[in-house]
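Undergrad: Here the protein sequences come in this chain order: A and B.
Just remember that our numbering sits 819 ahead of the position in the first sequence, which is counted from 1.
Just remember that our numbering sits 819 ahead of the position in the second sequence, which is counted from 1.
Everything labelled a hint here was simulated from the structure, so no lab data went into it.
No residue lacks a Cβ here, since even glycine has one placed at the ideal position from N, Cα and C.
Treat the hints with caution; some may be incorrect.
[To be verified] Stretch-level coverage of chain B by chain A, calculated; a stretch enters the list once three of its residues show a Cβ under 8 Å from a Cβ in chain A:
1. 850–857
2. 971–985
[As the list claims (entries may be wrong)] In silico lysine-lysine, BS3-like type, Cα no more than 25 Å apart, as pairs:
3. A:K1206 - A:K1229
4. B:K1256 - B:K1204
5. A:K1204 - A:K1229
6. B:K1214 - A:K1203
7. A:K1072 - A:K1024
8. A:K882 - B:K889
9. A:K1206 - B:K1203
10. B:K953 - A:K1203
11. A:K875 - A:K976
12. B:K953 - A:K1214
13. B:K1236 - B:K1208
14. A:K1264 - A:K1229
15. A:K1208 - A:K1236
16. B:K1208 - A:K953
17. A:K1206 - A:K1264
18. B:K1203 - A:K953
19. B:K1264 - A:K889
20. B:K1256 - B:K1208
21. A:K953 - B:K1229
22. B:K1079 - A:K1229
23. B:K1214 - A:K953
24. A:K889 - B:K875
25. A:K1079 - B:K1214
26. A:K875 - A:K889
27. B:K875 - B:K889
28. B:K1203 - B:K1236
29. B:K953 - B:K1018
30. B:K1203 - A:K1072
31. B:K1256 - A:K1208
32. B:K889 - A:K953
33. B:K889 - A:K875
34. A:K1079 - A:K882
35. A:K1204 - B:K953
36. B:K1206 - A:K889
Protein chains: 2
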Amino acid sequence: MPTMTPRTLSGFMELLPAPQQQMERIMSVLRETYSLYGFTPLDTPIIESSEVLLAKGGGETEKQIYRFQKGDADLSLRFDLTVPLAKYVALHYNELTFPFRRYQIGKVYRGERAQRGRFREFYQADIDVIGDGKLSILNEAEIPAIIYRVFSRLGLKRFQIRVNNRKILNGFYALLGASERSGDIMRTVDKLDKIGPEKVALLLKEDLGLDAETADEILRFIGIQGSNETVLNALGQYQGKNETFDEGLAELKTVVRYLKDFGVPEENFAVDLTIARGLDYYTGTVYETTLLDHPEIGSVCSGGRYDNLAEYYTDRQLPGAGISIGLTRLFYVLGEQGMLNPELPTAPADVLILPMTDDLSSAIAFATRLRDNGIRAMLHGEQKKFKQKISYADKLRIPYVCFLGEDELKDGVVSCKDMTSGEQTRLEPDATIYRIKAGLAELEKGNVILER
Amino acid sequence: MPTMTPRTLSGFMELLPAPQQQMERIMSVLRETYSLYGFTPLDTPIIESSEVLLAKGGGETEKQIYRFQKGDADLSLRFDLTVPLAKYVALHYNELTFPFRRYQIGKVYRGERAQRGRFREFYQADIDVIGDGKLSILNEAEIPAIIYRVFSRLGLKRFQIRVNNRKILNGFYALLGASERSGDIMRTVDKLDKIGPEKVALLLKEDLGLDAETADEILRFIGIQGSNETVLNALGQYQGKNETFDEGLAELKTVVRYLKDFGVPEENFAVDLTIARGLDYYTGTVYETTLLDHPEIGSVCSGGRYDNLAEYYTDRQLPGAGISIGLTRLFYVLGEQGMLNPELPTAPADVLILPMTDDLSSAIAFATRLRDNGIRAMLHGEQKKFKQKISYADKLRIPYVCFLGEDELKDGVVSCKDMTSGEQTRLEPDATIYRIKAGLAELEKGNVILER
C-alpha cells in the first residue's frame, strides 16, 4: 500500500527522458567548447561552511541561502560558483599554476519565491581566468568570443553580447563630480530597459538628488548608440579629461579589436553604455547577453573583469575575468519558446534488438557487435507481442529495430527496419551496421536550438 | 585584508585540476558505456521533501541524513539515487515507457563519521531497468556484463563480480526451518569475509539461538566454492525440496549462461553463495564487485533484482534490476593505491600558443584554426619572460608549445615544440596541426587505471 503521494519540490527542475537528452547535448557542447579554449573542469562541494561561504556577506542573496545546522556545523549550500572558486583558488594557491583557467557546470541553490520559470536549484555554467597579480586584457576579449562560439554551436543566431567597461562609467561619473554616487547611479541606469529614460531621469533627480543638468548629462551619455565604431567615436568627446575614463576607453577599444580577430561578427556583439552589472566587484570590462527576439528574459549570460577574486580569503591580488550562463533558466526559456529542435534524436538507444528465438545468444552477440561499433543498442528480452515491441520502439523514437528469427539465423542475416522511412532490409550484420551508422549520422545533423 | 581562512569541509572531496581530469575521464567512460546499452541519462533534484524521501524510513542511514527546515518546508538531501528513482518513476509513470532504463551519475549525502576515505558528499553512478509488472531475467545478466565492460574499459583486470540469488538463500533457510530468521542469518553470514567461519558459527548459535546442526548446515552451504560449474552442480543436492530454492537455482543458471553469451570471462564473475546484500528489498539476483588485490575495501559496485521499486509511492508493481558504483570512494582508493595512470594527459590544453609580436591577430587566428580542428588551444597573452612562459607549459604538462614571432609570420610558418621529446619543428600551419593531432592520438593511448 502506498503511503505517500510522490512529488518534486516546486522550483526544482526534473526533466523527462527526452528533454533531459536535449539538456545533455547542451551541456556537452559547453564542456567541449570550454575545453577547446584551455579551461580545465572543476568540481567543488555543494555544501560549504557558512562562515566561509558568507565571508563576503551574501548581499541580496543572503536571505535566499539554504543554511542549516548538522551536528555542530553551520552549513550552507552554494548560491553561485564564484565564491567556491575564490575559496578554491585561495586554498590551493600553492598547487595551482597561474593564469588558472577553469570551467565549472554545477547546481547552485537560492530560495527564491516560487514562480513560473524561476528555479531554486539551477545549473550555472561558468568560465573564469584568474591571474596572479596581473592578467592580460586578451582574456577579456576571448571570453565573449567563447560565448559566441558556444551559442553558435548550439544553433543560436539572434543573440547579442553587450560589452561595456566600468572604468568608462566610473571616469564619466568622476567628470560629473558624482563619483560617490556612481554605484547608485549605475543601479538606476541599469533599469533603463525596464522603465525607460524618463523614469530613470526622475529617479536620478528625486531619489539620488542629482541636479537636472547632471541627470541630463547622464541620459545623453547612456543615449549614445549605433555601430560599435560610432559609439567608440562618440566616446572620444570625453577623452583627455579623466585618467580612469581614458583607460577604460582604451581597454574597450582593445576588446572590440580582438573580438574581430576572434571572428565574432559585429551583429553578435555591441558596445552598450547602459550595461553596468549590479555587483560591485567588477572593475573593467562587463558583459551581458540577450536573445534579440526575447529581450523580456533579460541577460542569459553575464560577467566581467574583476581585480580581486579572493580578497576575503587571501592577501594576494588575484584579478580575473569570467562569465556565467544561467543554464537551467535558459533551457526553460528555450523549451517554452519552442526553440529546442525536436528532430534531433532523444531516444535512449539507436537500435532496438528483438530476439525471435528462445536461445538469445545470437541476439546478444549482435548487440555486442553494435556496441563495439559505438552504436547504442537495447536488447528487448520481454515476453510481449510483436506489435507491442514495435510500439515500444515507436514510443521511445528508437530509429532502428533489428529482428533475429530462425530464418535470419539460418541465413546469417539481420532484418532491420528504419522506423522513420518504414524501409526494411535483410542484410549481413556488417552491412546492417554500415547502413545504421550512415543513417544515424544523418539524424545527428542539425543543432540543438532552432530559430524560426 | 582577508577575514577568513578558506577551508573545505572534511568528508568532501575537492580535487586539484590534474586528478579532476582523471575523474572526468572515468565519468565519461561511464556515461558512454551506459549509453551503449540503451540507458538514458537522468537528473533529479538533490533536495527532496523529507516526507517523500523518508517515506520508506531511512533505516540505518536515517541518522546520517542532511535534513533541515527552509521556511515551512522540511527538506532532506538525497542519500542515494534509488529513492529518487522510485519517486521519479511513480510520479511520471504515465509519461514513461517500460521497461525504463536509466543511468544517473550524481552526488549523494550521508553525514558519516569523518574518517580517511569516507565521504559525506560522494558520487554514485547507477543504472537500473524498471519493468511494468514484469521484467525479463535477461536484464539480470546484462547488468553485470555492463559493469564488466565499464571496468575493462577503465583498464581494470583484477576484479570479480560476485553473483548470488536471494531465492536460493531463502529457499535454503526454509529447508532448514529457519525462514523467519533468514534476514538475521544473511546479515550474520555477510560478515564471513571479515570475521571468518568460526565466529560466524558462534554468532549463529549464540546470538540467533540456532542449534549446532543448523549452524553447521549453514556453514557447509556457504562453504560451497570452486568454479561456477562446480558451485552450480553442488547446489543440485538441495534441488527438488523447495520451490523457491529451485526457482533461484534456475535463475542463477540462466544468468551464468547469459553472462557467457555477453562475453564476460569466467575469471571476472563468480557464483558466490556468501553474497546476500543487507537490504531487504532485493528479491532475486544480487551482485557485489571486489578488486581482487584489494579485498579490504569491500564491494565497489553492488546491486541486484528487486520486485517492488516504488511500493511506498504507488500501487503498481514495478520490478527492476540495478547496480551502483560508489564512484568517489573508488576514485579515492585508486588514487591511494597509485592505480591512476599518470601517463594520460591531464593538462587543461593540448597546445600553448605564445604570441611573440605586439599584434596578436595571427596568434588568435592560429588558435581559432587549432580549435576548429578539435585541438584544445590556450593563448598566452601575459607579459612574461619567454622562460616563464615555457615553464608555465611545463608545469601544466601541456604537450605542445607553438611560437609565432615576426620571422614565422613572414615565412607563413609556426614553430612548434613537442614538450615531451624536446623536438622543435617549423612548419606551415596545416602540417603543424597534422603533427600535433598524430602526437595527441599517441598520448591518448592507454587506460585511466593502471594495474601493476
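Undergrad: State for each hint whether it applies.
TA: Hint check:
1. Taking a C-beta to C-beta cut-off of 8 Å, the region 850–857 of chain B contributes 4 residues in contact with chain A, enough for the three needed, and the coverage statement holds.
2. For the region 971–985 of chain B, the stated coverage by chain A is violated: 0 residues have a C-beta nearer than 8 Å to a C-beta of that chain, whereas at least 3 were required.
3. Taking the CA atoms of K1206 (chain A) and K1229 (chain A), the gap is near 24 Å; set against the 25 Å cutoff, the hint holds.
4. For the given pair, K1256 (chain B) sits about 28 Å from K1204 (chain B) by alpha-carbon distance, which is inconsistent with the 25 Å threshold.
5. Between the alpha carbons of K1204 (chain A) and K1229 (chain A) the distance comes to roughly 23 Å, so the proposed pair stays at or under 25 Å and holds.
6. Restraint check for K1214 (chain B) and K1203 (chain A): the C-alpha separation of about 59 Å exceeds 25 Å, so the hint is violated.
7. Straight-line distance between C-alpha atoms of K1072 (chain A) and K1024 (chain A) comes to about 32 Å, which puts the hinted pair past the 25 Å bound.
8. A distance of roughly 11 Å separates the Cα atoms of K882 (chain A) and K889 (chain B); the hinted pair therefore holds under the 25 Å criterion.
9. Restraint check for K1206 (chain A) and K1203 (chain B): the C-alpha separation of about 69 Å exceeds 25 Å, so the hint is violated.
10. A C-alpha spacing of about 10 Å is found between K953 (chain B) and K1203 (chain A), which places the hinted pair at or below 25 Å, so the restraint holds.
11. For the proposed pair K875 (chain A) and K976 (chain A), the alpha carbon gap of about 38 Å is over 25 Å, so the pair is violated.
12. Taken as a hint, the K953 (chain B) and K1214 (chain A) pair is honoured in the structure, with Cα atoms around 19 Å apart against an allowance of 25 Å.
13. A hinted pair counts as satisfied when its Cα atoms are at most 25 Å apart, and K1236 (chain B) with K1208 (chain B) qualifies at roughly 13 Å.
14. Pair hint K1264 (chain A) plus K1229 (chain A) does not hold up; C-alpha atoms about 37 Å apart against a cutoff of 25 Å.
15. Of the pairs offered as hints, the one joining K1208 (chain A) and K1236 (chain A) holds, with about 13 Å between alpha carbons and a cut-off of 25 Å not exceeded.
16. About 14 Å separates the Cα atoms of K1208 (chain B) and K953 (chain A), which keeps this hinted pair within 25 Å; it holds.
17. Only pairs whose Cα atoms come within 25 Å are accepted, and K1206 (chain A) paired with K1264 (chain A) is rejected, the gap being roughly 30 Å.
18. A C-alpha spacing of about 10 Å is found between K1203 (chain B) and K953 (chain A), which places the hinted pair at or below 25 Å, so the restraint holds.
19. A hinted pair counts as satisfied when its Cα atoms are at most 25 Å apart, and K1264 (chain B) with K889 (chain A) does not qualify at roughly 45 Å.
20. The suggested pairing of K1256 (chain B) with K1208 (chain B) holds, with an alpha-carbon distance near 22 Å, which does not exceed 25 Å.
21. Restraint check: the Cα-Cα separation between K953 (chain A) and K1229 (chain B) comes to about 31 Å, which exceeds 25 Å; the hinted pair is violated.
22. Taking the CA atoms of K1079 (chain B) and K1229 (chain A), the gap is about 22 Å. The hint holds against a cut of 25 Å.
23. A hinted pair counts as satisfied when its Cα atoms are at most 25 Å apart, and K1214 (chain B) with K953 (chain A) qualifies at roughly 19 Å.
24. Only pairs whose Cα atoms come within 25 Å are accepted, and K889 (chain A) paired with K875 (chain B) is accepted, the gap being roughly 22 Å.
25. At most 25 Å may separate the alpha-carbon atoms for a hinted pair to count; K1079 (chain A) and K1214 (chain B) exceed this at roughly 32 Å.
26. Proximity of K875 (chain A) to K889 (chain A) is assessed by CA-CA distance (about 22 Å); at most 25 Å being required, the pair is judged to hold.
27. For a cut-off of 25 Å, the pair hint linking K875 (chain B) to K889 (chain B) stands: about 22 Å separates their Cα positions.
28. As the CA atoms of K1203 (chain B) and K1236 (chain B) are separated by approximately 18 Å, the hinted pair is consistent with the 25 Å bound.
29. Straight-line distance between C-alpha atoms of K953 (chain B) and K1018 (chain B) comes to about 40 Å, which puts the hinted pair past the 25 Å bound.
30. Between the alpha carbons of K1203 (chain B) and K1072 (chain A) the distance comes to roughly 23 Å, so the proposed pair stays at or under 25 Å and holds.
31. A distance of roughly 44 Å separates the Cα atoms of K1256 (chain B) and K1208 (chain A); the hinted pair therefore is violated under the 25 Å criterion.
32. Simply put, K889 (chain B) and K953 (chain A) have alpha-carbon atoms about 42 Å apart, too far for the 25 Å limit, and the pair is violated.
33. Restraint check for K889 (chain B) and K875 (chain A): the C-alpha separation of about 22 Å stays at or below 25 Å, so the hint holds.
34. For the given pair, K1079 (chain A) sits about 42 Å from K882 (chain A) by alpha-carbon distance, which is inconsistent with the 25 Å threshold.
35. Between K1204 (chain A) and K953 (chain B) the CA atoms are separated by roughly 14 Å; this keeps the pair inside 25 Å, and the hint holds.
36. With a C-alpha separation of about 50 Å, the suggested pairing of K1206 (chain B) with K889 (chain A) is violated against the 25 Å cut-off.
Violation of the numbered hints given earlier is confined to hints 2, 4, 6, 7, 9, 11, 14, 17, 19, 21, 25, 29, 31, 32, 34 and 36; the remaining hints are satisfied by the structure.
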